[in-house]
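Since the structure of chain A is already known, use the hints to place chain B on it.
Chains as they are written, first to last, in the working numbering: chain A, 99 to 506; chain B, 99 to 506.
Calculated from the structure, these hints are not laboratory results. Please note that the accuracy of each hint is not assured.
Identical copies carry no separate label here, and so any pair may be met within one copy or between two of them.
[What the hints assert, rightly or not] With a Cα cut of at most 25 Å, we get these calculated SDA-like pairs of lysine to any residue:
1) LYS340 / VAL447
2) LYS503 / VAL117
3) LYS470 / ARG115
4) LYS328 / SER189
5) LYS503 / VAL153
6) LYS448 / GLY152
7) LYS448 / ARG502
8) LYS123 / ASP499
9) LYS171 / VAL153
10) LYS217 / ALA506
11) LYS118 / ASP453
Chain residues, written in single-letter form:
Protein chains: 2
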Amino acid sequence: MAAKKILLIVCDGLSDRPVKEFDRKTPLQAARKPAMDALARHGISGTMDIIGHGVIPGSDTAHLALFGYDPYKVYTGRGPIEAAGAGVDVSRDDVAFRCNFATVDDSFNVLDRRAGRIKTGTGELAKAVTGMTIEDVSTVFKEGSEHRGVLVLKGVGLDHRVTDVDPHHEGKVLVSRPMVPGAEKTARVVNEFVKRSATILSTHPVNKKRVEDGLPPANAILPRGAGSLKELEPINDLYGMKCAAVAGVTLVKGICRMVGMTVPDVPGATGGLDTDYRAKGVAALRLLETHDFVFVNVKAGDVAGHDGDFRTKVRVVESIDMMLGLVLKDIHEDVVVALTCDHSTPVSVKEHSADPVPLTISGGGSRVDGVKEFDEISVASGALGRIRGTDLMPILMGVADRARKFGA
Amino acid sequence: MAAKKILLIVCDGLSDRPVKEFDRKTPLQAARKPAMDALARHGISGTMDIIGHGVIPGSDTAHLALFGYDPYKVYTGRGPIEAAGAGVDVSRDDVAFRCNFATVDDSFNVLDRRAGRIKTGTGELAKAVTGMTIEDVSTVFKEGSEHRGVLVLKGVGLDHRVTDVDPHHEGKVLVSRPMVPGAEKTARVVNEFVKRSATILSTHPVNKKRVEDGLPPANAILPRGAGSLKELEPINDLYGMKCAAVAGVTLVKGICRMVGMTVPDVPGATGGLDTDYRAKGVAALRLLETHDFVFVNVKAGDVAGHDGDFRTKVRVVESIDMMLGLVLKDIHEDVVVALTCDHSTPVSVKEHSADPVPLTISGGGSRVDGVKEFDEISVASGALGRIRGTDLMPILMGVADRARKFGA
Chain A
99 MAAKKILLIV
109 CDGLSDRPVK
119 EFDRKTPLQA
129 ARKPAMDALA
139 RHGISGTMDI
149 IGHGVIPGSD
159 TAHLALFGYD
169 PYKVYTGRGP
179 IEAAGAGVDV
189 SRDDVAFRCN
199 FATVDDSFNV
209 LDRRAGRIKT
219 GTGELAKAVT
229 GMTIEDVSTV
239 FKEGSEHRGV
249 LVLKGVGLDH
259 RVTDVDPHHE
269 GKVLVSRPMV
279 PGAEKTARVV
289 NEFVKRSATI
299 LSTHPVNKKR
309 VEDGLPPANA
319 ILPRGAGSLK
329 ELEPINDLYG
339 MKCAAVAGVT
349 LVKGICRMVG
359 MTVPDVPGAT
369 GGLDTDYRAK
379 GVAALRLLET
389 HDFVFVNVKA
399 GDVAGHDGDF
409 RTKVRVVESI
419 DMMLGLVLKD
429 IHEDVVVALT
439 CDHSTPVSVK
449 EHSADPVPLT
459 ISGGGSRVDG
469 VKEFDEISVA
479 SGALGRIRGT
489 DLMPILMGVA
499 DRARKFGA
Chain B
99 MAAKKILLIV
109 CDGLSDRPVK
119 EFDRKTPLQA
129 ARKPAMDALA
139 RHGISGTMDI
149 IGHGVIPGSD
159 TAHLALFGYD
169 PYKVYTGRGP
179 IEAAGAGVDV
189 SRDDVAFRCN
199 FATVDDSFNV
209 LDRRAGRIKT
219 GTGELAKAVT
229 GMTIEDVSTV
239 FKEGSEHRGV
249 LVLKGVGLDH
259 RVTDVDPHHE
269 GKVLVSRPMV
279 PGAEKTARVV
289 NEFVKRSATI
299 LSTHPVNKKR
309 VEDGLPPANA
319 ILPRGAGSLK
329 ELEPINDLYG
339 MKCAAVAGVT
349 LVKGICRMVG
359 MTVPDVPGAT
369 GGLDTDYRAK
379 GVAALRLLET
389 HDFVFVNVKA
399 GDVAGHDGDF
409 RTKVRVVESI
419 DMMLGLVLKD
429 IHEDVVVALT
439 CDHSTPVSVK
449 EHSADPVPLT
459 ISGGGSRVDG
469 VKEFDEISVA
479 SGALGRIRGT
489 DLMPILMGVA
499 DRARKFGA
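Just chain A, same shape as in the assembly (with noise of 0.2 Å):
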């Protein structure tokens, strides 16, 4: 059987819970959502925990999970997420840290952990701090919001595995430690960093002007969560497929470039409410020509979900069934196509909360149930029962004659 081609369309946060003001309904239940109805006609659908039964996910892990990594294994620390969502490549040998911008004073005492929540200037900080070599390790350092930023070690016998500089409180700033032997190197590299940045930033034009001003300097750097992706094997050899993503918000680019998928930047993808629809569908079957597996994330759910706006919600539901209803059109009908949610971001909580998510798969090798709509409920009855986050691209590689055989 020839391998089949996989379409892995993911609703940011639009699975929800029943809204007392609307009928109980879910906003899928609300909308009119003839494409994603007719995909559950011709498919197989379930229920999935992205993560486990009561376990809220972030979008992060989440996506790990999606895309068949145990994210209790790969998640060794927040910093090459973070810098997958600051858009900074973090290759497996890297350690990246998570940062924040402090003030301290000459005895580098912390006497404010976010310098005030300082709200500009850090790219101009972050330049003056970017690209020093230490040792024979290269640094970059990129601002995120607010206080927030990244640093990346590149460089050979690195090892994520040293403590925290930010003590996570006012008091001393730490020296990093190795936890393991190998360690020190990384541990010498990250403290000769802040040392050097401190003196750097502390001349800085945006800091005189901050002291000027009355507001405290953002005169340190505070790395901690350090973390690599040793452990996480590139996408591509995981499966054997060519993968790419179509994606607009920035940290679920991040992750996709992380494991290795291909991430087009597409006009008009923003990751928002505004997104362009059509030009996500358009781009994803474009890269179906090329790849073996595409990607597609729709973030205006959770947006939606998060403002607790029930009626955008299903504004949004209807949006992303244009999209499908586009794709279905011209796409091979052997093609699988899978469609689910993330996480549930229900318009009653305003955050991600630990219920389950629908799932359809259709096209290829699938299986047709009785399912006959694509929301919360209808799906649970379907012929895929209640599955693991982890357990999806195992499934699809099945559907697609992808699999491999374990015995004679």
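What follows is chain B alone, placed relative to chain A:
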């Protein structure tokens, strides 16, 4: 989202199999149970394998699993559970043993492992041997039913990994030996307890009378099944909830106390067919005012199952339904209510069986599926699917908005 309270009602052994003579219905299918059915209609349902597929749960292991403890991990030896059942407090540093009163000769050969299944006088014998101090360890001994009893060692430096004194058949009384370095003290203390208690028992009036009556004297105590609670994290810490229980039967009360729940004595809650259902419902509602999690066990269904009495079991269903109706009338809709069983006790088997049990979750952030009746078959098409006993608490935590997020 504000965290919700949780009420878990466990109908002990109520789950059953179809009974030929009663139109191939189960007691749950045959009973009138408007409150249970209403709960199912307003929530999500499924089936649950308490321990695992094809494992017949005991009441002890079942309740541990329902409270989220892996019984294979925390069930070190029966000692602590027997002690809990006998109403003896066991703390985390203690080591507890199950014991038999036995008849031995002068050379410590076991003549009768059960001292003629002694029925009376063990309370007096227990009083005579409890409260020793051996090295710096104090001992608590309490009689159980018939020839049974429990021994709890309280002190520092104890370890439950010691061999049994009880030879498990007629023969020489064994000397307890440490199975790991560090358990020597425990072995010494239990051996000394066996020696000293035999001396006391040999001259005790209860035994003199037994010999006069031609009965075998209960002149030795044989400990076995040493266990500790070291691995059992207190339930309030585990979930960050204040937990309480309403239960009539001693073993279940003991397990609830063992995991750290508040277990008030409810007048009229007997653990038998004559239990005061209304009193239990009222007690549960009152405990919900001051606790986050309230567990209710109603034993009567198990009793009717062991008796093989279909008609009585149907009446038990209807009595529990009355209690549930009373509770649901007065409960806040925000409270998450879960209704299930700890195991099946089919009237056709008269014993526990491995059949999965029905489960319905309603209220709080619960979804609503299409299940309309609470019985073994109707719930199986529900949106919860088929879960394990240890999944229940995480799922309830999710529905009650008490779950933790993993990732960002």
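Tested hints:
Taking the shortest alpha-carbon separations for LYS340 and VAL447, only the inter-copy value of 23 Å comes in at or below 25 Å, while the best intra-copy value is 38 Å. In this assembly of identical chains, LYS503 and VAL117 lie within 25 Å of each other by CA distance solely across copies; the values are 22 Å between and 45 Å within a copy. Proximity of LYS470 to ARG115 under the C-alpha cut-off of 25 Å is found in both arrangements, the shortest distances being 19 Å within a copy and 19 Å between copies. Taking the shortest alpha-carbon separations for LYS328 and SER189, only the intra-copy value of 9 Å comes in at or below 25 Å, while the best inter-copy value is 43 Å.
In this assembly of identical chains, the alpha carbons of LYS503 and VAL153 lie at most 25 Å apart only when taken from different copies (6 Å versus 32 Å within one copy). In this assembly of identical chains, LYS448 and GLY152 lie within 25 Å of each other by CA distance solely inside one copy; the values are 17 Å within and 35 Å between copies. Within a single copy, LYS448 and ARG502 get their C-alpha atoms only as close as 41 Å, which misses the 25 Å cut-off; across copies the closest is 15 Å, which meets it. For the homomeric pair LYS123 and ASP499, the shortest alpha-carbon distance between copies (19 Å) is at most 25 Å, but the shortest distance inside one copy (37 Å) is not.
For the homomeric pair LYS171 and VAL153, the shortest alpha-carbon distances inside one copy (16 Å) and between copies (21 Å) are both at most 25 Å. Taking CA atoms no more than 25 Å apart as the test, LYS217 paired with ALA506 passes between copies only; the shortest distance there is 21 Å, against 62 Å inside one copy. When the C-alpha separation of LYS118 and ASP453 is checked against a cutoff of 25 Å, the pair qualifies only within one copy, where the shortest distance is 17 Å, while the shortest distance between copies is 36 Å.
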